[in-house]
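Please take these sequences and the hints and turn them into a complete structure.
In order, the protein sequences belong to chains A and B. With the first letter of the first sequence counted as 1, position 139 gets the number 138 in numbering that gives the first Met the number 0; the numbers rise by one all the way through. With the first letter of the second sequence counted as 1, position 137 gets the number 136 in numbering that gives the first Met the number 0; the numbers rise by one all the way through.
Think of the hints as simulated: they come from the structure by calculation, not from any bench. Only a predicted model underlies this, so the values are computations on that prediction, with no experimental measurement involved. Even for Gly, the Cβ is constructed at its ideal location relative to N, Cα and C. Watch out, some of these pointers could steer you wrong.
[What the hints assert, rightly or not] Below, in silico cross-link-like pairs of lysine-lysine (DSS-like), each with a Cα-Cα straight-line distance of 30 Å or less:
| hint | chain 1 | residue 1 | chain 2 | residue 2 |
| --- | --- | --- | --- | --- |
| 1 | B | LYS428 | A | LYS124 |
| 2 | A | LYS99 | B | LYS421 |
| 3 | A | LYS99 | A | LYS164 |
| 4 | B | LYS421 | B | LYS300 |
| 5 | A | LYS150 | B | LYS421 |
| 6 | B | LYS56 | B | LYS71 |
| 7 | B | LYS257 | B | LYS143 |
| 8 | A | LYS117 | B | LYS421 |
| 9 | B | LYS361 | B | LYS71 |
| 10 | B | LYS122 | B | LYS184 |
| 11 | B | LYS337 | B | LYS257 |
| 12 | A | LYS238 | A | LYS225 |
| 13 | A | LYS99 | B | LYS428 |
| 14 | A | LYS150 | A | LYS164 |
| 15 | B | LYS337 | B | LYS421 |
| 16 | B | LYS166 | B | LYS122 |
| 17 | B | LYS421 | B | LYS378 |
| 18 | A | LYS117 | B | LYS428 |
[Unchecked claim] Residues of chain B placed beyond 10 Å of chain A at every Cβ, according to the derived structure:
| hint | residue |
| --- | --- |
| 19 | SER30 |
| 20 | GLU58 |
| 21 | TRP60 |
| 22 | ASN64 |
| 23 | VAL81 |
| 24 | VAL107 |
| 25 | LYS143 |
| 26 | THR144 |
| 27 | VAL170 |
| 28 | GLU197 |
| 29 | GLN286 |
[Stated by the list, open to error] Partial selection, computed: residues in chain B whose CB lies under 7 Å from chain A:
| hint | residue |
| --- | --- |
| 30 | GLU391 |
| 31 | ARG397 |
| 32 | ALA398 |
| 33 | ARG399 |
| 34 | LEU409 |
| 35 | ALA413 |
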Amino acid sequence: MLSIKNLHASVEDKQILKGLNLEIKAGEVHAIMGPNGAGKSTLGNVLAGRDTYEVTGGQVLLDGVDLLDLSPEDRAREGLFLAFQYPVEIPGVSNINFLKTAVNDIREYKGLPPMEAKEFLQTVKDKQKLVEFSANLANRSLNEGFSGGEKKRNEIFQLAMLNPKLAILDETDSGLDIDALRIVSNGVNQLRSENNAFVVITHYQRLLDYIVPDFVHVLYDGRIVKSGPKELALELEEKGYDWLKELDTQNA
Amino acid sequence: MSGLITNNMSTLVANSLFQQLTATFQELEASNESSAVKSIRQDAFARFQELGFPTVKNEDWKYTNIHNLVNKTYLLNEDVDVANLDFDAADIPGLDAHRIVLVNGQYVLAFSSLEDEIGLTVKSIEDAQDEVNFQKHFAQHADKTDSAMVALNTALHTSGVYISVAKNKVVSKPLHIVHVATGGKDFFAQTRNLIVVEPNAEIEIVESYITAANSASNLNNKVTEIVAEENAKIQHYYLQLAAESGHYINHTEVYQEKHSLYNNYNCTFPGPAFVRNDINIRLDAEQVESHLYGINLLNKKQFVDNHTIVDHMKPHCESYEWYKNIPQEEATAVFNGKIFVREDAQKTNAFQQNNNMLIGEKSTVFTKPQLEIFADDVKCSHGCTMGQFDDEALFYLRARGIGEDSARILLVHAFAFDVTSKFSNDTIKHYVEELVARGLES
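In structure tokens, the structure reads:
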């Protein structure tokens, strides 16, 4: 589904990603772990198309479509979703109006007619239930006045509404208490299917107790230096990241 | 040295328009107006002659140079061909309203659709001189300011509309006043309006400014005096939709009595090259409430200046003012908000906020909140912000599949929301939101 080959990216002339390779198939969940500054969030943002990052080499294909040539909105319309580490508050833009615009812009891209108002509201209701997000969205501005946990849950709710092929969760667990973590994880697990895939970026093994990955990758200094089954996360939790320095040198 | 030369030039320039206006004034002397009105005109003309056109040396016109606008001659009081005029540009979808049309400042009854409504009087201002409310209020409010443009208008206005709402009358639907500019040659128009709303009466007034196709450059100097008597309620919308050829100097003077409410919603969109609005509110009794809202979405080289005065003269009044400017491309917005709280006006509650979103590297905003408070037991606050598009928010929306243009429209709507959400009329609110979307695309 997603194929990343030799991806290089920099921010303000500082090279962050230095030849990253990753293959993800439909139905899989991949966790990406690594120390601060390794390039984890850069990867999410580069894939989503944030223009402060400059891609200096490599290729990213989503079901054969070269994402790097596309605008952020077209990447989303092709089925990429980034759950933000810091979701933005936008006072004055209502949650519902925002969702309706997003859903219908994506439908238009796919050649579908706009969703009927009734169907849309029913979908909102169903998906809110599915991801246990009960906040009243009708008269509230996007993320405005939401707690940290509510913002993250709103990301998962949006994920449910937009039904992407590939979702990247960028440190969705940061700032969540254990109950919120459980709810967010349940939401993600509800949404897992054989037709979609998830990339879970996290610092901590804790999240992976709830969202169990098929593969764990260690990102270090802009490259994936080690990949393994879910047990690798436990090993990292135990040993930290220092031992990876040698690994990195060996690979280089 | 160069200042002196400029000064000499502007004096020369003003003289040429002075001469045009003086000739017109002498013609008016021979009209059959009441002696009271004649005398008011004479006094006003004397004031105007003394003051001259405002220059940038006048603090209130510091950023607003009308030198080039008065440095030319215009047609004055020309009869215009109204046969093929259409007013579609002023249509507000879904708004059921009485309509009044003024063409180049002249009240044109033929285009107006005004079903009889008992208690609502609408006349041309020249036909209203026998009305009690005219005699009581005409030139009694705006002329107390030292504005040269008001003096000029009082002296030389040619037409306008008189509206009076009788005691206890709640006008059944909005009154839509459409100001149309038209003509093949550059013209100067002076409209004078008087609106008196008697005790317990209510009215909603919507004024749209439009320009007929291929109209020549035009300069409009309009003065509106509004009186809200005890417990009267007025909702007042300005929708500035004129074309680039339009230049407007509008003065609105509102006088409020006990328990009255006056709300002004002042919207300017891409189009007219030059707009200067003065909106002055005098809260001259207790328990008065006034709200001033503004949205200015500009483009190209538009210049739009809003000067407001909220004058708290008596205790226990409340005023609330919120202006949003969104200049695009090379447009300039000016905001000057004066709030006076006189010594008597204890327990005043006054709020003012001006937010600016500059889109376009060459857009400019000049803003100046000006609070003068002489009472000691009051609550006054003001704030002002300057900003640009929030790139984070823009990326967030686009990352959800929303196209860049739609995302920008959503964000500007969001920016304008504090103001649009206060609109008393939902039909006009939706119309304005639509105009905002259109104004961003153009």
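Hints, verified against the model:
As the CA atoms of B:LYS428 and A:LYS124 are separated by approximately 28 Å, the hinted pair is consistent with the 30 Å bound. The suggested pairing of A:LYS99 with B:LYS421 holds, with an alpha-carbon distance near 24 Å, which does not exceed 30 Å. Pair hint A:LYS99 plus A:LYS164 holds up; C-alpha atoms about 19 Å apart against a cutoff of 30 Å. Between B:LYS421 and B:LYS300 the alpha-carbon distance is near 29 Å, which keeps this suggested pair within the 30 Å criterion.
Using a Cα cut-off of 30 Å, the hinted pair A:LYS150 and B:LYS421 holds, with the two alpha carbons roughly 27 Å apart. Proximity of B:LYS56 to B:LYS71 is assessed by CA-CA distance (about 20 Å); at most 30 Å being required, the pair is judged to hold. Distance hint between B:LYS257 and B:LYS143 is fulfilled; the C-alpha atoms sit about 20 Å from each other, no more than 30 Å. Distance check on the hinted pair: A:LYS117 and B:LYS421 sit about 28 Å apart at the alpha-carbon level, within 30 Å; holds.
For the proposed pair B:LYS361 and B:LYS71, the alpha carbon gap of about 28 Å is at most 30 Å, so the pair holds. With a C-alpha separation of about 28 Å, the suggested pair B:LYS122 and B:LYS184 falls inside the 30 Å cut-off, and the hint holds. Restraint check for B:LYS337 and B:LYS257: the C-alpha separation of about 22 Å stays at or below 30 Å, so the hint holds. For the suggested pair A:LYS238 and A:LYS225, the alpha carbons sit about 14 Å apart, so the restraint of at most 30 Å is met.
A threshold of 30 Å between alpha carbons decides the hint, and for A:LYS99 with B:LYS428 the separation of about 20 Å falls inside it, so the pair holds. Simply put, A:LYS150 and A:LYS164 have alpha-carbon atoms about 22 Å apart, close enough for the 30 Å limit, and the pair holds. Taken as a hint, the B:LYS337 and B:LYS421 pair is honoured in the structure, with Cα atoms around 21 Å apart against an allowance of 30 Å. Among the hinted pairs, B:LYS166 with B:LYS122 is consistent with the structure: their alpha-carbon atoms are about 18 Å apart, no more than 30 Å.
The hinted pair formed by B:LYS421 and B:LYS378 meets the criterion: a straight-line CA distance of about 21 Å does not exceed 30 Å. Our distance criterion of 30 Å between C-alpha atoms is met by A:LYS117 and B:LYS428, whose separation comes to about 24 Å. With a least CB separation of 53 Å from chain A, B:SER30 remains clear of the 10 Å interface cut-off, as annotated. For B:GLU58, the requirement that its beta carbon stay farther than 10 Å from each beta carbon of chain A is met, with the minimum near 34 Å.
Residue-level check passed: B:TRP60 sits 34 Å from the nearest beta carbon of chain A, beyond 10 Å. Every CB of chain A is more than 10 Å from the CB of B:ASN64 (nearest about 35 Å), matching its label as outside the interface. Here B:VAL81 stays apart from chain A, with its beta-carbon at least about 42 Å from theirs, past the 10 Å limit. Here B:VAL107 stays apart from chain A, with its beta-carbon at least about 40 Å from theirs, past the 10 Å limit.
Residue placement check: B:LYS143 keeps its beta carbon more than 10 Å from all beta carbons of chain A (closest about 39 Å). Every CB of chain A lies more than 10 Å from the CB of B:THR144, the least distance being 36 Å, so the non-interface label holds. Distance check for B:VAL170 against chain A: the nearest CB is about 31 Å away, which clears 10 Å, and the non-interface claim stands. The beta carbon of B:GLU197 sits about 38 Å from the closest Cβ of chain A, which is more than 10 Å, so the claim that it is off the interface holds.
Every Cβ of chain A is farther than 10 Å from the Cβ of B:GLN286; the closest lies at roughly 31 Å, confirming the non-interface assignment. The closest approach between the C-beta of B:GLU391 and any C-beta of chain A is roughly 5 Å, which is under the 7 Å cut-off, so the hint is satisfied. Annotation: B:ARG397 was flagged as interfacial toward chain A, and the flag holds, the nearest CB pair being 4 Å apart, inside 7 Å. Because the beta carbon of B:ALA398 sits about 5 Å from the nearest beta carbon in chain A, less than 7 Å, this interface hint is met.
With its C-beta approaching chain A no nearer than about 4 Å, B:ARG399 sits inside the 7 Å limit, and its interface hint holds. Annotation: B:LEU409 was flagged as interfacial toward chain A, and the flag holds, the nearest CB pair being 5 Å apart, inside 7 Å. For B:ALA413, the interface hint holds, the least distance from its beta-carbon to any beta-carbon of chain A being 3 Å, beneath 7 Å.
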